[in-house]
Amino acid sequence: MRVVLGGAAMFTVLISALILFVLFRGAIDFFRSIGWDFGILVDDSAAPGWFPRRERFDLLTIVLGSIVMGLVAMIVAVPLGLGTAVYLSEYAPPRVRRIVKPAVEVLAGIPSVIVGYFALKFIAPNIVDPIFSPDQPRNMLVAGMAIGVLVVPIMASICEDALRAVPMSLREASYGVGARKSTTTIRVVLPAAVSGIVAAFIIATSRAIGETMVAAMAGGRDGSGPRVLSPLDPGLTMTAAMTNAAGGTDQVKAGAPFQVLFFVGLLLFLLTMSLNMIADRVVRKYRQKY
Amino acid sequence: MIQVQAVQPEKTTESSVVFSVRDLNVYYGEFRAVRDASFDINENEITAFIGPSGCGKTTVLRCLNRMNDFIETARVEGKIEYHGVDLYDPQVNSNEVRRRIGMVFQKPNPFPKSIFDNVAYGAKLSGRFSKSEIDEVVENALRQAALWDEVKDRLKASALGLSGGQQQRLCIARCIAVKPDVILMDEPCSALDPIATARIEDLMQEIKKDFSIIIVTHNMQQAARVSDRTAFFTTEINPESDRRTGVLVEVDSTRKIFSMPSDERTELYVTGRFG
Chain A
2 MRVVLGGAAM FTVLISALIL FVLFRGAIDF FRSIGWDFGI LVDDSAAPGW
52 FPRRERFDLL TIVLGSIVMG LVAMIVAVPL GLGTAVYLSE YAPPRVRRIV
102 KPAVEVLAGI PSVIVGYFAL KFIAPNIVDP IFSPDQPRNM LVAGMAIGVL
152 VVPIMASICE DALRAVPMSL REASYGVGAR KSTTTIRVVL PAAVSGIVAA
202 FIIATSRAIG ETMVAAMAGG RDGSGPRVLS PLDPGLTMTA AMTNAAGGTD
252 QVKAGAPFQV LFFVGLLLFL LTMSLNMIAD RVVRKYRQKY
Chain B
3 MIQVQAVQPE KTTESSVVFS VRDLNVYYGE FRAVRDASFD INENEITAFI
53 GPSGCGKTTV LRCLNRMNDF IETARVEGKI EYHGVDLYDP QVNSNEVRRR
103 IGMVFQKPNP FPKSIFDNVA YGAKLSGRFS KSEIDEVVEN ALRQAALWDE
153 VKDRLKASAL GLSGGQQQRL CIARCIAVKP DVILMDEPCS ALDPIATARI
203 EDLMQEIKKD FSIIIVTHNM QQAARVSDRT AFFTTEINPE SDRRTGVLVE
253 VDSTRKIFSM PSDERTELYV TGRFG
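Residue numbers (my numbering), protein chains in the order written: chain A, 2 to 291; chain B, 3 to 277.
Simulated from the structure, these hints should not be mistaken for laboratory data.
Treat the numbers as computed from the prediction; the structure is a model and nothing was measured.
Ideal placement from N, C-alpha and C gives every residue a C-beta, glycine not left out.
Errors might be hidden in some of the hints.
[What the hints assert, rightly or not] So the derived list for chain B, only partly shown, Cβ under 8 Å to chain A, looks like this:
# : residue
1 : M69
2 : E74
3 : R101
4 : F107
5 : G124
6 : S128
7 : R176
8 : V180
The shape of chain A in the complex, shown without the other chains (with noise of 0.2 Å):
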């Protein structure tokens, strides 16, 4: 038996290795191909872009559209997940919490092409046109604010469980001197519960980041620049940029048009673990032995 557990556990790890791998091997591929020309990665043309089958991969209009699309994530998912843990947490009945939370986890079993869907069909023509008429129906900030939704649910869990690790003595010696129910969430639960929330905070941003089906769907899987910053306009993150490389509309079969997909995947994959790598750190550092 222990053997067999093992074996599970160490081919999991293994696993793991193996994609480490596959990412390092494709991008020392893609290196070969532009002959280690690192230049090529920001384009200084007038009208830079991310055109691989052009071999034109200017990193920076994907990693931007990363980044937009994953701020306007978090402007969603912030004061909707925190604001259902603490309301979780701190206010509701248990009657209601026994609704609420089911249904919240609901939300995060969803597979991410349904949400898709429901930013093209719901947030498109429902909130973002009449509010900001945008150019194209398919754009960052409709991308984004889906890839909010779907991170509602991990950042208000964890943050739900950092509240929860506040023990009630603190509530009550703020209850003791005569502080109201708001006044103690605010300064004493949302204090002490600071690592959860930061640590929240930072997996739900990997989350966002490593999101692919919403953001290639409902971003407007647009590499063509100029780099433009403005959630309105159509974007190209690097998940979605991803898969254009592997079956998307950039289908490509070898050389560095194919395999920057690697490249940018080993990007993604250092960048997130970093987030996670940082999220631990924080949680260690600043947690509260109360």
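Given chain A, put chain B in place with the hints provided.
Frame of chain A, contents of chain B only:
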């Protein structure tokens, strides 16, 4: 079953009564935790609540500053008057009640903030002091709590770095800083060693001229040492449900409770033959 009405006989002048409790019943859901408790609490005295586990002494204590409001299922019946005002009147602001009737808890519970911020917390919220006055309020509270000399050079340090006894005195300072009228203490020394306990007991004697104090304690010697009056609670088992309900047996001067109590159950308890 004898109906226990432990209203104190030699009632002093009306103005010196802080709490007047009549027919207090407390329920948690269907469960009755305390039955028909009636008693008065006098100003500038230390009243001890003693009794075996589950006798409802902490429950009664937490009714006196409406701390039970935060327990979803808790329900309070009967009348609790605080200086003649019905504490459970819908017009009464329960936050103001808790400001005037402070509480010190079983386990020291300083906020994970600096020593200064812990003491200043309630005083700042009350909005009655300017920024410059807060420093003074903090210093005075720490002096009153006999903690000033130990912490004056590290007010910005985390309160969590203090010893257990110091933390509990800090909690008392935090309570004093909002200038309450009454301090409720729920087994304040149960987590402390004998030396720290002695310091808290001395402190109680020091501050009782400014506050009325009610202390719940498991420790009969402590009640005998510190209190002027003692209320003895015990449990009754309901033969139908087999559940325990707390009842107040009697309230009297501490000397009387420990030497010649009126009720046999009190005598059995204080002489260590029961509980």
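Can B:G124 be said to touch chain A, with a Cβ gap under 8 Å? Hint on B:G124: holds, closest Cβ of chain A at ~3 Å, below 8 Å.
Does the interface hint hold: is B:F107 within less than 8 Å of chain A, judged Cβ to Cβ? holds, 6 Å
Cut-off 8 Å, beta-carbon criterion: hint that B:M69 touches chain A: Since the shortest Cβ distance to chain A is 7 Å, the answer is holds.
Just to be careful: measuring from the Cβ of B:R176 to every Cβ in chain A, is the smallest value less than 8 Å? holds, 6 Å
Hey, does the B:V180 contact hint survive, CB to chain A under 8 Å? For B:V180, the interface hint holds, since the closest Cβ of chain A sits about 5 Å away, which is under 8 Å.
Given hint B:S128 near chain A, where the shortest CB pair must fall under 8 Å: holds, 7 Å
Go through the hint on B:R101 and say holds or violated, using the shortest Cβ distance to chain A against 8 Å. holds, 3 Å
Does B:E74 meet its interface restraint, that is, does its C-beta lie within less than 8 Å of any C-beta in chain A? holds, 7 Å
Checked against the numbered hints above, the structure violates none of them.
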